[in-house]
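Turn these sequences into a full structure, and let the hints steer you where they fit.
Heads up: the sequence lines are chains A and B, in that order. Heads up: the first sequence begins at 1 in the working numbering, then just goes up one per residue. Heads up: the second sequence begins at 249 in the working numbering, then just goes up one per residue.
Treat the hints with caution; some may be incorrect.
One side only, chain B facing chain A, incomplete, derived with CB under 10 angstroms [what the hints assert, rightly or not]: (1) Ile252; (2) Leu326; (3) Ala330.
Hints listed in this document are in silico derivations from the structure and should not be mistaken for laboratory results. The beta carbon of each residue, even a glycine, is placed where N, CA and C say it ideally should be.
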Amino acid sequence: MSTDPPPVDPPPAGEDAPPARRRDLPAALLIGVLTLLLGFAFTVQVRNSDDEQALAGAREEDLVRIVDEVSSRGVRLREQIADQRSALRQLTSSDSETASALEEAGTRAAALGVLNGTAPAVGPGLRMTVRDPDDELRVTDLIDVIQELRGAGAETMQFDGVRVGLSTAVTGAPGSLLIDGRPITAPYEVLVLGSPQDLETALNIPGGVVQHVGSRGGSVTIEQVTELLVDALRPLPEAQYAAPDDED
Amino acid sequence: MIPILGLVAGVLLGLLLDPTVPLGLQPYLPIAVVAALDAVFGGFRARLDGIFDAKVFVISFVSNVVVAALIVFLGDQLGVGAQLSTAVVVVLGIRIFGNAAAIRRHIFRA
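Listed below in structure tokens is the structure:
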């Protein structure tokens with residue numbers, strides 16, 4: 001406070017103005033350097049106080065509180081990260097579950113389509129030709145043929161261009177038989193998918209289909225085929241009363 | 249003229265170099281700047297009074313800075329650094345205001 005002298009103190013020096021005016025070089029240099037330092041320090045301090053001074057000037061309790069807040073915030077954020085990670089894990093695992101479920105549903109749909117006759121099927125089997133020159137074969141005879149083939153392990157078949165499914169019905173009178181309402185004419189061409197040997201054996205047993213058709217004046221030719229295409233399709237039956245039970 | 253040139257050059261240097269203040273100097277730099285500002289205002293007032301002396305200016309400048317920094321340093325050692333730097337800033341601010349008032353009277357005659 002009593003440092004005020006700088007302006008007031010030097011009246012003696014200020015009295016003779018000439019010496020003060022023609023300030024010698026070292027003094028001028030010193031003043032220049034000092035003011036330069038002042039300007040430099042001033043700018044640096046201004047620049048510096050923008051960011052760090054807020055914390056540097058804070059009291060200890062404030063700093064402790066700030067550190068507390070920051071660390072609790074860190075804990076919260078870390079919990080959030082853990083939550084998000086587990087959610088991500090669940091989502092990815094359920095995603096792969098969905099993919100495998102979809103794949104299984106696809107294979108099931110394909111198998112059901114083959115059984116139901118809504119999808120074309122290919123594989124080894126028999127091509128049979130049933131001749132009925134005297135129009136003697138009746139509905140029950142054709143049903144016998146179908147049942148015999150099914151019993152021998154036929155997986156799917158088509159009868160004269162009509163796919164045979166679960167609800168297939170044979171109707172009509174001898175000579176003008178209908179399968180599922182569609183007329184068929186002799187000779188009937190039957191395509192069956194299944195083990196060719198088993199099917200042929202089943203057809204040829206004594207009292208079986210071949211003998212029975214023969215007793216009615218007809219004949220059956222059987223040909224084993226390794227690659228047979230069953231491509232007649234049935235419309236997808238729509239369940240009117242039964243609904244699928246989801247609890248699988 | 250020289251002080252103004254020096255100030256401008258210093259500000260430009262500070263802007264260009266943009267250095268970071270060493271941690272140990274951080275509490276002292278603002279105080280030192282305020283003390284130097286006080287010396288500069290005093291010198292300007294002396295100049296207007298026609299009693300400016302380069303030697304007195306240099307010595308008051310340096311001693312102001314050193315004493316202010318020393319006070320804050322002492323305060324830090326005693327655990328009252330923040331309060332003492334506030335005190336120094338207040339005192340220097342009062343002196344700057346006084347000098348500014350004198351300068352104002354010189355320039356505006358009011």
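Failing hints, ascending?
Checked against the structure, the only hint that fails is number 2, while the rest are satisfied.
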